[in-house]
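Those protein sequence lines, which keep their order, are chains R and H.
If you use the working numbering, the first sequence closes out at 56, no skipped numbers anywhere.
If you use the working numbering, the second sequence closes out at 691, no skipped numbers anywhere.
Because the hints were derived from the structure by calculation, they are not lab data.
From the three backbone atoms N, C-alpha and C, an ideal C-beta is built for every residue, glycine too.
Watch out, some of these pointers could steer you wrong.
[Stated by the list, open to error] Label-pair distances were calculated between CB atoms; the ranges are:
1) H:Glu130 - R:Arg29: 51 to 59 Å
2) R:Ala15 - H:Glu46: 42 to 50 Å
3) H:His290 - R:Phe21: 49 to 57 Å
[As the list claims (entries may be wrong)] With a straight-line cut-off of 20 Å between C-alpha atoms, the simulated DMTMM-like cross-links for lysine to aspartate or glutamate are:
4) H:Lys132 - H:Asp285
5) H:Lys85 - H:Asp71
6) H:Lys85 - H:Glu56
7) H:Lys7 - H:Glu56
8) R:Lys31 - H:Glu657
9) H:Lys116 - H:Asp137
10) R:Lys30 - H:Glu657
11) H:Lys543 - R:Asp4
12) H:Lys191 - H:Asp163
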Amino acid sequence: MHEDLQSWIALGVVAVTIAAFAARWIIRRKKRKSGGCGSGGCSCPAPKPPRPGQPD
Amino acid sequence: MSSPARKIALVGNPNCGKTTLFNALTGLRQKVGNYPGVTVEKKIGELRSLHGEKIELLDLPGTYSLSARSDDERVARDVLLGDLKGTDRPDAVLCVVDASNLERNLYLVLQVIDLKLPVIIALNMIDVLEEKGQRIDPDALSQQLGGTPVIPCQANQEIGIVDIKAALSRPPHRAHRRWNAGDDVERILEKSAEILISRNHPNAAAHALTIISDRAMRDRNHPHCIDHALLGELESIIQSEAKSSDLPIESRIVAARYETIGQISAAAVRGGDAPMELSFSDNLDATLIHPIKGWLIFIAVMVTMFYSMFTLASVPMDWIDGGFGALGEFVGNRLVDGDLKDLIVNGIIGGVGGVVIFLPQILILFFFIGVLESSGYMARAAFIMDRLMSKVGLNGKSFIPLLSSYACAIPGIMGTRTIEDDKDRLVTILVAPLMSCTARLPVYVILIGVMTPNADAVTRTSLMFGLYALGTLGAFFFAWIFKRAFSKNAASPFLIELPPYRMPGWKLVFQQLLDRGLVFLKRAGTIILGLSILIWAASTYPKPADPDTPREIALEQSYMGQAGKIIEPVVKPLGYDWKIGSAIVWSFAAREVFNSAIGIIYKVGDDAENTELENALANAKNPDGSPIFSFWVCAGLLVFYVFAQQCIATFAVVKRETASWKWPIFQVVYMTSFAYFAAMAVYQIGSRFFG
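I would like the entire structure built from these sequences, with the hints used as guidance.
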């Protein structure tokens, strides 16, 4: 692949990444304002920790 | 036009199987939100009665009573009284009762009946009761509760679900109050209800009973005290009508309820006449919660867990490293040199691979946590820790959120909702991120490896354990300080169930392992991938005008290099150069990105062929030939990562849970400042006096 084309594609990937982060931030901000349960970037599966002992 | 759905509230003690029953009744037809003004989860599900009628099931927070000490209990009470804005009073209540703990569970049932709501009882865990050689006669129990329907079930096996749906389909039955605390108490309740009726208060009798039986609502200094004018009227009734007694009126009501519960239990429970013997769990607990032996065993369990992480994980980590290396070679051989090849090989594969390689260790950590939870040991660990927590003024209830924070601070912080005292809750939220979360694990492992290149697994395990202990001690230290600064209250009493020991539920453990693994990989494939691309871009652009510029100089001239040079004076006292400083700044977005960033930065240069990150860092040299990642630089970095608050997601959750900007900002400032100075002290003292 031509070096110039590589540069343009790489720049395109970076631009798309920046746009994706911006879109994610906007969507999460809207969700938080509407009173939903979104925590903003949480990667953990459960909102409440499991209680020790028997499952609830 | 279809009639509105009937609304049924689901209540029960914690650990009675309420959520299991909720899931069995509603399946996937659930939605989760929040109650307004409080950080309590609102969970609503839908089901159809046997006649096809739509029923809305509201899963209320688990609570032992409606005395409203915590937000959870207050929400449950307010929903049942119809006082919560945005939530209709339920048409009936489905009380889930743990059959193996009937007397304790009946207290809440009696309180719900007191509120004049129709009640259906799901008598859950009957198998556990039968294992003890006892059984409950549901008809006798129903009769004792004034005809309240009692449906035996086993929610986890979905036994009795159809019968419960049938009971929900029938017209609701409303029982009368089951206890009597004396004629004077009855007069007080009647006259109090009359006052509330005169003030057009809805559900006057239920509210009157709630106010009279809850001391906090009649305490002028308590934040949840009722209107003082109304309080004055009620107080004069109590003063004029109450007989002289050793007990205040609210205690007499509690005593009357328990007396009734004793009578109900005697009439409904069969069997269990054999003399009580100590169970296997009781015998094991004699050792596991012993003040000295219990601690030693707890430490041994933790050390075993960390040792396994270093030894068992090495083979799969080599596979992953080899896999990413092969992938990088494959792509590299197919593309000519250029920006895209550099982005894919060094940016994406190098950046994401530098984090994914730690998947085996994270899975081992969660495997141990799952087994310890499922076997019942975690409750014992919480009990042991309560002794320590109370010395810094914290409630043992804080241990559960802090323990969860070892996985991730976010569910830990959200778990503080069960802490009744607001100041205790705030203190727990502020210190939770000090517990070393799994995002720090990749950073710890790589730095321990660079710091101790020839060390065996035992040494590395000890260092890892030391880091976790350091974070825990830091949490206790700051909790002690904050407790004195924010709250003069003594620690509130700690109540926890110690469930019987049992074999871990392997299916559940492996299901959780799979879930955690997928979450980790999803994060690697999204956030880490995105940040790796941005880090690559920042370290590549702007490109020098002369294409033959050596890569080291090109890196210095990039955006990252320029920003790094600006912050270099700040990180110099810690022994870091601008490259390490840049990696630290990037890792404020996500801690494990440190590995990605440092990997991208240090793979640039003459060692670009060297694919092992640990070797690349160990070989990185200053202009004078000294190692960049010396022992004390690594030690200082580790201390920095133990204490610094470097998680935007945690910041957002703290802001939401404390409903302010002040506390998350304070948290970032105190943690990062302490991390900075602690790392500086370690580096300066260590390198000056210990070489």
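So, going through the hints one by one against the coordinates:
Restraint check, Glu130 of chain H to Arg29 of chain R: a C-beta distance of roughly 53 Å satisfies the suggested window 51 to 59 Å. Remark: the range hint 42 to 50 Å for Ala15 of chain R to Glu46 of chain H is upheld by a beta-carbon distance near 44 Å. In this structure the hint that His290 of chain H and Phe21 of chain R lie 49 to 57 Å apart at CB holds, the actual value being about 52 Å. At most 20 Å may separate the alpha-carbon atoms for a hinted pair to count; Lys132 of chain H and Asp285 of chain H meet this at roughly 19 Å.
For the hint linking Lys85 of chain H to Asp71 of chain H, the alpha-carbon distance of about 15 Å falls within 20 Å, and the restraint holds. For the suggested pair Lys85 of chain H and Glu56 of chain H, the alpha carbons sit about 17 Å apart, so the restraint of at most 20 Å is met. Straight-line distance between C-alpha atoms of Lys7 of chain H and Glu56 of chain H comes to about 5 Å, which keeps the hinted pair within the 20 Å bound. At roughly 16 Å between alpha-carbon atoms, Lys31 of chain R and Glu657 of chain H fall within 20 Å of each other, so this suggested pair holds.
Proposed proximity of Lys116 of chain H and Asp137 of chain H is contradicted: the alpha carbons are some 24 Å apart, above 20 Å. Using a Cα cut-off of 20 Å, the hinted pair Lys30 of chain R and Glu657 of chain H holds, with the two alpha carbons roughly 18 Å apart. Between Lys543 of chain H and Asp4 of chain R the CA atoms are separated by roughly 13 Å; this keeps the pair inside 20 Å, and the hint holds. Distance check on the hinted pair: Lys191 of chain H and Asp163 of chain H sit about 41 Å apart at the alpha-carbon level, beyond 20 Å; violated.
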